[in-house]
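J.: Residue numbers (the numbering used here), protein chains in the order written: chain A, 55 to 559; chain B, 42 to 187.
Because the hints were derived from the structure by calculation, they are not lab data. Don't be surprised by glycine CBs; every beta carbon is placed ideally from N, CA and C. Among the clues, some could well be false.
Said to hold, decoys possible - Chain B side only, calculated, beta carbon under 7 Å to chain A, not exhaustive:
| hint | residue |
| --- | --- |
| 1 | V52 |
| 2 | S62 |
| 3 | Q65 |
| 4 | I66 |
| 5 | Q67 |
| 6 | P74 |
| 7 | I84 |
| 8 | W111 |
| 9 | L128 |
| 10 | Q147 |
| 11 | I148 |
| 12 | S149 |
| 13 | L157 |
| 14 | L162 |
Said to hold, decoys possible - What follows is a set of in silico ranges between Cβ atoms, one per label pair, in the way DEER data are often shown:
| hint | chain 1 | residue 1 | chain 2 | residue 2 | range |
| --- | --- | --- | --- | --- | --- |
| 15 | A | V442 | B | T110 | 22 to 30 Å |
| 16 | A | I427 | B | Q67 | 56 to 64 Å |
| 17 | B | L152 | A | G160 | 33 to 41 Å |
| 18 | A | M257 | B | L50 | 53 to 61 Å |
| 19 | A | M246 | B | L50 | 29 to 37 Å |
| 20 | B | Y126 | A | L74 | 39 to 47 Å |
| 21 | A | G343 | B | A168 | 19 to 27 Å |
| 22 | A | V194 | B | V79 | 25 to 33 Å |
| 23 | B | P182 | A | M246 | 36 to 44 Å |
To be verified - List time: in silico EDC-like cross-link candidates among lysine to aspartate or glutamate, alpha-carbon distance up to 20 Å:
| hint | chain 1 | residue 1 | chain 2 | residue 2 |
| --- | --- | --- | --- | --- |
| 24 | A | K484 | B | D100 |
| 25 | A | K220 | B | E101 |
| 26 | B | K78 | A | D258 |
| 27 | A | K220 | A | D258 |
| 28 | A | K220 | B | E104 |
| 29 | B | K98 | A | D486 |
| 30 | A | K484 | B | E101 |
| 31 | A | K484 | B | E104 |
| 32 | A | K347 | A | D301 |
| 33 | B | K78 | A | D486 |
| 34 | A | K220 | A | D486 |
| 35 | A | K220 | B | D100 |
| 36 | B | K78 | A | D504 |
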Amino acid sequence: MEILSNLALGFSVALNPFTLFLAVVGCFLGTIIGALPGLGPSNGVAILIPLAFTLGLDATSALVLLTSVYYGAMYGGRISSILLNIPGDEPALMTTLDGYPMARQGRAGDALVISGVASFVGAMLATIGLVILAPMLARVAYLFGPAEYFALYLLAFTTLGGVGSKNQAKAVIAACIGLGIAMIGLDNTTGMPRFTYGNMHMMDGVDFLVAIVGLFAITEVFFFIETHGKGSAIGVKLEKVTVPIKDLIATSGSMLRGSGIGFVAGILPGAGASLGSFLAYMAEKSIAGPSGKFGQGDPRGVAAPEAGNNAAAGGALIPMLTLGVPGSGTTAVLLALLMTLNITPGPTLFADRPEVVWGLIASLLIANVVLLIMNIPMVKIFVKVLMVPAWVLLPGVTMISFVGIYSLTGSYFDLVMMVGFGVMGYFLRKLDIPTVPVILGILLGNQMEDNLRRAMVIANGDWTYLFSTGISIGLWTAAIAGFIAPIFLRRFLKRPPQPVDAEAD
Amino acid sequence: MASDRIFGLVVLGVALAYIASALQIQPSFLSDPVGPKVFPLVIGAVAALAALVVLLKPDESPEWPHGRTWLHLGIALAVLVGYAYALKPLGFLLPTAVAASVVSYQISPRLQTAALTGVGLSVGLFAIFKYALGLGLIALPRAMMG
Chain A
55 MEILSNLALG
65 FSVALNPFTL
75 FLAVVGCFLG
85 TIIGALPGLG
95 PSNGVAILIP
105 LAFTLGLDAT
115 SALVLLTSVY
125 YGAMYGGRIS
135 SILLNIPGDE
145 PALMTTLDGY
155 PMARQGRAGD
165 ALVISGVASF
175 VGAMLATIGL
185 VILAPMLARV
195 AYLFGPAEYF
205 ALYLLAFTTL
215 GGVGSKNQAK
225 AVIAACIGLG
235 IAMIGLDNTT
245 GMPRFTYGNM
255 HMMDGVDFLV
265 AIVGLFAITE
275 VFFFIETHGK
285 GSAIGVKLEK
295 VTVPIKDLIA
305 TSGSMLRGSG
315 IGFVAGILPG
325 AGASLGSFLA
335 YMAEKSIAGP
345 SGKFGQGDPR
355 GVAAPEAGNN
365 AAAGGALIPM
375 LTLGVPGSGT
385 TAVLLALLMT
395 LNITPGPTLF
405 ADRPEVVWGL
415 IASLLIANVV
425 LLIMNIPMVK
435 IFVKVLMVPA
445 WVLLPGVTMI
455 SFVGIYSLTG
465 SYFDLVMMVG
475 FGVMGYFLRK
485 LDIPTVPVIL
495 GILLGNQMED
505 NLRRAMVIAN
515 GDWTYLFSTG
525 ISIGLWTAAI
535 AGFIAPIFLR
545 RFLKRPPQPV
555 DAEAD
Chain B
42 MASDRIFGLV
52 VLGVALAYIA
62 SALQIQPSFL
72 SDPVGPKVFP
82 LVIGAVAALA
92 ALVVLLKPDE
102 SPEWPHGRTW
112 LHLGIALAVL
122 VGYAYALKPL
132 GFLLPTAVAA
142 SVVSYQISPR
152 LQTAALTGVG
162 LSVGLFAIFK
172 YALGLGLIAL
182 PRAMMG
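Next up, chain A with everything else stripped away, as it sits in the complex (with noise of 0.2 Å):
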């Protein structure tokens, strides 16, 4: 009962004419977002957050639009992962496997549909498990002090380094170069400058935004131009687009089991929607066995990863927004959003700010339908996107992001600092760093000193403090599990298999 009481205050945010606005335009944006390659939920959202904070939108508008966005990212990445083979973001990667065996058979309008309606049956179910489960997990969230703070933290470092990357050492450096870079500024304790070489502008410390923009934006830029934008869209051709009920009876039970794993995923700290997606397709292809055309244009395989990514997408949002700890690099860029709107997510969101947490719930539930209209009966407009060419998109994002940045700050400093990420970003890629543990550092690295400091303050100094708790402990055993199992693990869990000529996000 309660959660209805819930549902209904946050429909009543959610269904004023203008919020409604947002979510459409925020669908439609990130529709678009989704389908163009070398853009993806990440990037797009973190493009857009100067914008929608310079256009001084309150706290839930502007969350309401760049959630829209968010979700319409996830489901425009399939359109050119089917129409072109190219996967429009990271996680629409497993759908490029049979979305364009399939488009090629000239069924590209029937894969389309399929991915429609699975995107929107794991965005779905998962934004219903989201309704369940966050409270609960809120509840949970409030026995929390310093020190399982200080330990939720590591755990998020160490997941995303174990499960997300392919070496454990380069993780660790990526978060250490964010949190290193963190603790520029003044220190909060003591208001003493660290790290600042008496230049003002480091006082303040490095913006999280610049940073943001910079490795998901700029970077993407030098690749485009070392690619020479090759892979980019040259003439799509769709022809009728019908709803094919046959297969979308058939494949039903493969978006249920698809939403659900791609769900669990998505909980997880560091798993994220490219992990959710990927398991959704390996464990649809093993319950078909060989009676299967895995890979040759199943529609199974077209349905369960586009469950799987946009159930994952769900899914972690829990642990974002009642505990603050984000599980990827996209939900890293929403909560970056969060901290920019002065909003604190944790456990005291649900109770101190209800309008904003059941606003946001309800807003994504009318996003999802709105998403569904929008990407069937209407797929055809975002294909004729697919057209812009990179010579013309890559330089519109880059101006976007100076313009956003610039509108922001209002400081040159800051865009040089941006470029500069962006220069980091380009060799970090290269060399096979993740840059979202560096995303998480910046975000994170304060707060994570803070409640080091804290426990260590109540506990007068005393180290064996941060182990004093069951929930610590386990915090713990979870965090130094995460990031050794996988060693172990690797030989068995390959990473997906790439299409030919496929760009990873």
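Guided by the hints, dock chain B onto chain A, whose structure is given.
T.: For chain B alone, kept in the frame of chain A given last:
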């Protein structure tokens, strides 16, 4: 191999410099048991350790771009930095048109299309930002605005 070795050395050097710099942080009269130095020191130490691991167990080198591509990347970088400095004194339209054209040209080297893209993006984005979204952008250099 070589790429990771160089990277490991760079990270190791930066980590050591970071540690040295952390040791210089002034203590404050407002003290807590941990103080402002410990956390940065731990970060530096962990980074140095991880750098040693990468040095000793490097991955295969990625495929680096060749000569001309480096030139393209370098030009783009220089233009972006220049753009950052030019945006305030020269207004939005001119630097954006130039920077967008150059970036476009680096991706697809056709002079006319690149120039048209630059001008189009500059004017189009200005219209969207200024009139649709209401951001306070300045179109032209202050001197020309009178």
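J.: Are the hints correct? Go through all of them and say.
T.: Here is what the structure says about each hint:
1. Here the hint on B/V52 is kept, as its CB sits about 6 Å from the closest CB of chain A, short of 7 Å.
2. For B/S62, the suggested interface contact is upheld, since its CB lies about 6 Å from the closest CB of chain A, less than 7 Å.
3. Interface hint at B/Q65: violated, since its Cβ lies 9 Å from the closest Cβ of chain A, which is beyond the 7 Å cut-off.
4. For B/I66, the interface hint holds, since its Cβ comes within 7 Å of a Cβ in chain A; the closest pair sits about 5 Å apart.
5. A cut of 7 Å between beta carbons decides the hint on B/Q67: the least distance to chain A is about 5 Å, and the hint holds.
6. Annotation: B/P74 was flagged as interfacial toward chain A, and the flag holds, the nearest CB pair being 3 Å apart, inside 7 Å.
7. With a cut of 7 Å, the hint placing B/I84 at the interface with chain A holds, because the nearest CB-to-CB distance is about 5 Å.
8. Below 7 Å, beta-carbon pairs count as interface contacts, and B/W111 has none with chain A, the closest being about 9 Å; its hint is therefore violated.
9. Because the beta carbon of B/L128 sits about 6 Å from the nearest beta carbon in chain A, less than 7 Å, this interface hint is met.
10. This hint holds: B/Q147 has a C-beta 5 Å from the nearest C-beta of chain A, less than the 7 Å allowed.
11. Interface restraint check for B/I148: the shortest CB-CB distance to chain A comes to about 4 Å, inside 7 Å, so the restraint holds.
12. Interface hint at B/S149: satisfied, since its Cβ lies 4 Å from the closest Cβ of chain A, which is below the 7 Å cut-off.
13. Contact between B/L157 and chain A, as hinted, is not supported at the beta carbon level, the nearest pair being about 10 Å apart and thus beyond 7 Å.
14. For B/L162, the suggested interface contact is upheld, since its CB lies about 5 Å from the closest CB of chain A, less than 7 Å.
15. The hint said 22 to 30 Å for the Cβ distance between A/V442 and B/T110, and at roughly 23 Å that hint holds.
16. Distance hint check for A/I427 and B/Q67: the Cβ-Cβ separation is about 60 Å, which falls inside the suggested range of 56 to 64 Å.
17. The given range of 33 to 41 Å is respected by B/L152 and A/G160, whose C-beta atoms sit roughly 39 Å from each other.
18. In this structure the hint that A/M257 and B/L50 lie 53 to 61 Å apart at CB is violated, the actual value being about 31 Å.
19. Here the CB-CB span from A/M246 to B/L50 is close to 31 Å, well matched to the stated 29 to 37 Å.
20. A C-beta distance of roughly 42 Å is found between B/Y126 and A/L74, which places it inside the suggested range of 39 to 47 Å.
21. A C-beta distance of roughly 57 Å is found between A/G343 and B/A168, which places it outside the suggested range of 19 to 27 Å.
22. A/V194 and B/V79 have their C-beta atoms about 30 Å apart, which keeps the hinted 25 to 33 Å range intact.
23. Our hint of 36 to 44 Å for B/P182 and A/M246 holds, since their Cβ atoms are close to 41 Å apart.
24. For the proposed pair A/K484 and B/D100, the alpha carbon gap of about 12 Å is at most 20 Å, so the pair holds.
25. About 12 Å separates the Cα atoms of A/K220 and B/E101, which keeps this hinted pair within 20 Å; it holds.
26. The straight-line distance between the Cα atoms of B/K78 and A/D258 is roughly 18 Å, inside the 20 Å bound, and the hint therefore holds.
27. Distance check on the hinted pair: A/K220 and A/D258 sit about 34 Å apart at the alpha-carbon level, beyond 20 Å; violated.
28. Taken as a hint, the A/K220 and B/E104 pair is honoured in the structure, with Cα atoms around 17 Å apart against an allowance of 20 Å.
29. In summary, the hint linking B/K98 to A/D486 is supported, as the alpha carbons are separated by about 14 Å, within the 20 Å threshold.
30. Restraint check for A/K484 and B/E101: satisfied, since their Cα atoms lie roughly 11 Å apart, inside the 20 Å limit.
31. Restraint check for A/K484 and B/E104: the C-alpha separation of about 8 Å stays at or below 20 Å, so the hint holds.
32. Note on A/K347 and A/D301: the hinted pairing holds, with a Cα-Cα distance of about 14 Å set against a maximum of 20 Å.
33. The suggested pairing of B/K78 with A/D486 is violated, with an alpha-carbon distance near 31 Å, which exceeds 20 Å.
34. Using a Cα cut-off of 20 Å, the hinted pair A/K220 and A/D486 holds, with the two alpha carbons roughly 8 Å apart.
35. Between the alpha carbons of A/K220 and B/D100 the distance comes to roughly 10 Å, so the proposed pair stays at or under 20 Å and holds.
36. Straight-line distance between C-alpha atoms of B/K78 and A/D504 comes to about 13 Å, which keeps the hinted pair within the 20 Å bound.
The structure is inconsistent with the numbered hints 3, 8, 13, 18, 21, 27, 33, although it conforms to all the rest.
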